[in-house]
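Asks: These protein sequence lines map, in sequence, to chains A and B.
Counting with the working numbering, you get residues 70 to 630 for the letters of the first sequence.
Counting with the working numbering, you get residues -11 to 244 for the letters of the second sequence.
Some hints could be false.
Over the 12 Å line for every Cβ pair with chain A, so calculated as not near, a few chain B residues [as the list claims (entries may be wrong)]:
#, residue
1, Leu30
2, Ile44
3, Ile110
4, Ile111
5, Ser177
6, Glu178
7, Ile224
Straight line, CA to CA, 20 Å or less: simulated DMTMM-like cross-link-like pairs of lysine to aspartate or glutamate [stated by the list, open to error]:
#, chain 1, residue 1, chain 2, residue 2
8, B, Lys10, A, Asp175
9, B, Lys82, A, Glu82
10, A, Lys150, B, Glu242
11, B, Lys(-2), A, Asp175
12, B, Lys237, A, Glu82
13, A, Lys116, B, Glu242
14, A, Lys255, A, Glu267
15, A, Lys111, B, Glu242
16, A, Lys199, B, Glu242
The hints are simulated quantities; they were obtained by calculation from the structure and are not laboratory data.
We treat Cβ as the ideally placed atom computed from N, Cα and C, and that holds for glycine.
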Amino acid sequence: MAPAVTFNDVYKEYPFYQHITAGFKSFLFHLPRSIASLKKTKFIALKGISFKVEQGEVFGIIGRNGSGKSTILGLTAGVMKPDKGSVKTQGKISSLLELGAGFHPDLSGIENIMLNGILSGNTRAEMMKKMEQIIEFSELGDFVYQPLRTYSSGMHARLGFSVAVHIDPEILLVDEALAVGDLEFKEKCTRKMKEFMESGATIIIVSHDMPAIAELCSRVAWIDNGTIMTIGEPREVIKAYLHHLGLGVDFDEKEKLVNETEAESISDAGGMLYDSVDREEPVSELPDSPLVDMHSNFPVKPLSWWDSPIIMHQCETFITGDPEISFYAYLEKEYSIAGLQKGLGICNKLKGIEHNFMQYNTCTSFDIIDDPDAIADLSQDDPKFKNNHYDLLLCVDLLSHIRNLDIFLRNAKDALRDGGFIIALEYIGPAYFQWTEQEISIADMLYKAFNNHSDLSANSDQQSANISALSNERSGETAVSSDIVIPLLQKLFDSVAVKYFGGPLYDLILNKILRRVDQENEKDVMLIKTIMQCEQILIGKGILENHYAMIIGKKRVTHIE
Amino acid sequence: MGKTSLEYYKDLVVVLTQKELKVRYKRSFLGYLWSIANPLALALVFFVAFKIFMKIPIENYTLFLIAGLFPWQWFLNSVNSSAMVLIGNATLIKKMHFRHDVLIVATILNDMLHFILSIPVIILFLFIYGMKPSAVWFVGIPVLLIIQFIITMGFSLAISAINLFFRDIERIVFIFTSLMFYMTPIIYSEEMVPSEYKTLILSNPLSILLISWRNLLMHGVLDVKDSALAFIYSVIVFTIGYLIYRRLKWRFAEVL
Chain A
70 MAPAVTFNDV YKEYPFYQHI TAGFKSFLFH LPRSIASLKK TKFIALKGIS FKVEQGEVFG
130 IIGRNGSGKS TILGLTAGVM KPDKGSVKTQ GKISSLLELG AGFHPDLSGI ENIMLNGILS
190 GNTRAEMMKK MEQIIEFSEL GDFVYQPLRT YSSGMHARLG FSVAVHIDPE ILLVDEALAV
250 GDLEFKEKCT RKMKEFMESG ATIIIVSHDM PAIAELCSRV AWIDNGTIMT IGEPREVIKA
310 YLHHLGLGVD FDEKEKLVNE TEAESISDAG GMLYDSVDRE EPVSELPDSP LVDMHSNFPV
370 KPLSWWDSPI IMHQCETFIT GDPEISFYAY LEKEYSIAGL QKGLGICNKL KGIEHNFMQY
430 NTCTSFDIID DPDAIADLSQ DDPKFKNNHY DLLLCVDLLS HIRNLDIFLR NAKDALRDGG
490 FIIALEYIGP AYFQWTEQEI SIADMLYKAF NNHSDLSANS DQQSANISAL SNERSGETAV
550 SSDIVIPLLQ KLFDSVAVKY FGGPLYDLIL NKILRRVDQE NEKDVMLIKT IMQCEQILIG
610 KGILENHYAM IIGKKRVTHI E
Chain B
-11 MGKTSLEYYK DLVVVLTQKE LKVRYKRSFL GYLWSIANPL ALALVFFVAF KIFMKIPIEN
49 YTLFLIAGLF PWQWFLNSVN SSAMVLIGNA TLIKKMHFRH DVLIVATILN DMLHFILSIP
109 VIILFLFIYG MKPSAVWFVG IPVLLIIQFI ITMGFSLAIS AINLFFRDIE RIVFIFTSLM
169 FYMTPIIYSE EMVPSEYKTL ILSNPLSILL ISWRNLLMHG VLDVKDSALA FIYSVIVFTI
229 GYLIYRRLKW RFAEVL
């Protein structure tokens, strides 16, 4: 079978067209210079890339902004032509290069479905047949008769995704599309993508959403600066990429890193621990200032409740008690957690938060365990990490997935050096919790308040119905019971501190509206603050049972066994 | 059902033309009446200026004007909007793989449709002046529609493509079409042009076409020699326009 997509030594460069589009006049008046600059100033997006995507593969592309990922998709979709080399594709392509691409705001949903379908290469008859399915999947209801400009961004996303997956593509191109839309629909999309994979379609995904990439893809390519750094098993490539980001090495270092990554993936065939301490990265390579702008450019999605600057700031404020002090500075000030050597990050899914710890000089390197099997192994009697050489153990969203907490915590203690720390960022509450009526009604109220305050046009009736749907979705999920975990920790560790910084309401609301929050809009920011402050009060009064907590334990320096 | 089948292209053109139509009158109450109002208003102005004030020696002058202004309006609208057609559909071009010239075809078809819908107005004026539509129309109108479509396509392809790189073309087109209007025998007849300027006027690729339209609509006459000449002009313009367009089209997704 021929590969679905073949890139053969593809070069792509963009001349800087601004010189011309700035106007005929300026172009004419500076003609010699204009032409010279046209020849010289170009941006090389791809520098000779070759790879194949076999039919039925789910292929992920990761890399920093501007590394050439979108150019690859554009070339695959056929909207651009390579300057050198060749791009071959086999089969009908449907592209989700951008949600809402190929839509017109003044046409209704139905008209847009038709327009988009035709532009993707279907006849009208084919589209008429699929129309009903598409409308049903999009869950837009009567909104399909309304012009698109009345849609919320979530509805937009649903329509776009719905059309793209229903036109029976043999190759589906997805660019960051899954980042939009609410939780429910995201899951529906993921399910649909899996259906696709099973039906043998080829999918190419470009995303910064590392957990999604790790979950969906069979192979991942990491692109940097127009070249392929590595292609291979998703988790390995993502880890290499994340380490590269966290360490901020220059280009020569990068190549070294890649070579080492390859070497290690061979030596570490078990794939359980990704050991990075032996790499001996010089400490001076770390960013000097802890004030690196991690909010705006940090491309890794750390945690769902931590990934918005506003929320992050609020969480920090509630933990630290002072808006001026960062989380990491607080750890240093209160618990002297700083300047540590080696950390171990354990999380249920790849979160990437370790990189913040590295960026802020809390730890110089991190090992990561995020494989479900490896995590299950942690509550065995003899896990691999029982080496007694970590300074910091970071658990993120993990403890509820551990079967035997007692053994796990003992193992954790053994893995730590004397005076080492354990930090857990966890959802704490009764196991198998249910939202209370009261919690849902408060959430509903706040949610409506948000919708009225902001200028976002949306159907609030529909959304308040969604609130209860979302809350149902959450219920039945496991959480760590604070009654169990805290006494256990106190038994094993010195100075256990617990800080609550948010609860179910803001989890509920923020998961739903996060994407629509305008970081620049003061009203939006105020409202988030208000929600979280309300919650703090409610937690303080003991009304809310479920909350996020940061738990810190310190291993005794001298202990007798 | 492939992307290249005739049925697919037909559907593509139909859907895009429908889209243009819907978008154009998205929030307008009188809709297509506006496309008649404009040439009618112009006709009124010219009638007052040239017939009443300047006593131009042309019989049935209102009809004379309308028979030229309506086809001209089609040409003008298409060429003017072609400058923005690719820019206005930037999201489509950047993200979807389809033949972008279909967008231009749709724009021109859309304006052509408006022109066809304005023919009853011409018939009305024919009756007012005691004349009748002729059976020659059944052959003549389709022939001239095709010729004008091809020539308009040639201009539009070139303008739409160049405008992506030199946005000033939009203004230049505006001036160019205004000049062209007076260089074309629409408000005057070709007989009134002094013989030394006649070649100049007739070298304008639109002149023969518009003279043919007027002869057809007013007198029910389709001159084969004129039509052939207009056709040759249109093929030349189209070829040049298409070559320019083809040269530039691969850069569209990058400059938009």
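Asks: Against this structure, judge whether each hint is valid.
Replies: Hints, one by one, checked against the model:
Leu30 (chain B), annotated as away from the interface, keeps every beta carbon of chain A farther than 12 Å; the closest lies near 28 Å. For Ile44 (chain B), the requirement that its beta carbon stay farther than 12 Å from each beta carbon of chain A is met, with the minimum near 38 Å. At the 12 Å boundary, the C-beta of Ile110 (chain B) stays outside the reach of chain A, the nearest C-beta of that chain being 31 Å off. Once the 12 Å rule is applied to beta carbons, Ile111 (chain B) is consistent with being away from chain A; the minimum gap is 33 Å.
Distance to chain A confirms Ser177 (chain B) as a non-interface residue, since its nearest Cβ pair spans about 37 Å, more than 12 Å. Listed as outside the interface, Glu178 (chain B) is consistent with that label: its C-beta sits roughly 34 Å from the nearest C-beta of chain A, beyond the 12 Å cut-off. At roughly 25 Å, the least C-beta separation between Ile224 (chain B) and chain A is larger than 12 Å, which holds for a residue marked as non-interface. For the suggested pair Lys10 (chain B) and Asp175 (chain A), the alpha carbons sit about 8 Å apart, so the restraint of at most 20 Å is met.
Straight-line distance between C-alpha atoms of Lys82 (chain B) and Glu82 (chain A) comes to about 16 Å, which keeps the hinted pair within the 20 Å bound. Restraint check for Lys150 (chain A) and Glu242 (chain B): the C-alpha separation of about 10 Å stays at or below 20 Å, so the hint holds. A hinted pair counts as satisfied when its Cα atoms are at most 20 Å apart, and Lys(-2) (chain B) with Asp175 (chain A) does not qualify at roughly 23 Å. In summary, the hint linking Lys237 (chain B) to Glu82 (chain A) is supported, as the alpha carbons are separated by about 16 Å, within the 20 Å threshold.
As the CA atoms of Lys116 (chain A) and Glu242 (chain B) are separated by approximately 17 Å, the hinted pair is consistent with the 20 Å bound. For the given pair, Lys255 (chain A) sits about 18 Å from Glu267 (chain A) by alpha-carbon distance, which is consistent with the 20 Å threshold. Simply put, Lys111 (chain A) and Glu242 (chain B) have alpha-carbon atoms about 12 Å apart, close enough for the 20 Å limit, and the pair holds. For the hint linking Lys199 (chain A) to Glu242 (chain B), the alpha-carbon distance of about 33 Å lies beyond 20 Å, and the restraint is violated.
Violated hints, in rising order: 11 and 16; the structure is consistent with all others.
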